[in-house]
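In the working numbering, the protein residues as written are 22 to 177.
Worth double-checking, as some hints may not be accurate.
Unchecked claim - Below, in silico cross-link-like pairs of lysine-lysine (PhoX-like), each with a Cα-Cα straight-line distance of 25 Å or less: (1) 34 to 54; (2) 149 to 123; (3) 149 to 166; (4) 31 to 61; (5) 61 to 166; (6) 31 to 54; (7) 54 to 123; (8) 61 to 34; (9) 149 to 54.
What the hints assert, rightly or not - Label pairs and their computed distance ranges (CB to CB): (10) 38 to 79: 29 to 35 Å; (11) 79 to 138: 19 to 25 Å; (12) 171 to 74: 14 to 20 Å; (13) 44 to 81: 19 to 25 Å; (14) 74 to 132: 18 to 24 Å.
Note that these hints are calculated values from the structure, not bench results.
Built from N, CA and C at the ideal position, the CB exists for glycine as well.
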Amino acid sequence: MTTLIQTTNKTPKVLAAGEGDRFQMLSHTMTLKVSNSDTKEQWVMYEATDTANNGAPLHTHPWEETFYILDGEVEVRLGNRTVLAQAGTSIYFPENIAHSFKIVSPTARLLVILPGWSDAFYREVGEKITILPPDPDTFQAVCAKHNVRLITPAAA
């Protein structure tokens, strides 16, 4: 007989579809699946859902980011390269690479995996930007606070 020895005092966590802390971040519905407290602030994982023609403008930030497309199609710009990502596609964004994305299917669902310390940006955008389109000054201020740089088309 094998005896299992528990070497952690942390409790495993299972969230079913639709479960998790949910908030709006611009047009995205973000559902927290793995939190900072789960991972000792090492990383977080969200399920993000959105609808056609929504996404994120071209920008950079000082953290890595990974998307895994669960459903739908997403046009993703990575520097000078554009790819059409479909269900099953994973995309890794190194820190400080210019990137954007746009939902091109009627809806899309993505897993978004981030370093734990970057979660504050997503939360603050969700708290301070409650009307779309966002007030440019408020959005710029939140971005600047977290070292997120929005890239205008002329600068791209």
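Query raised in the report: Taking each numbered hint in turn, which are not upheld by the structure, reported in ascending numerical order?
Result: none
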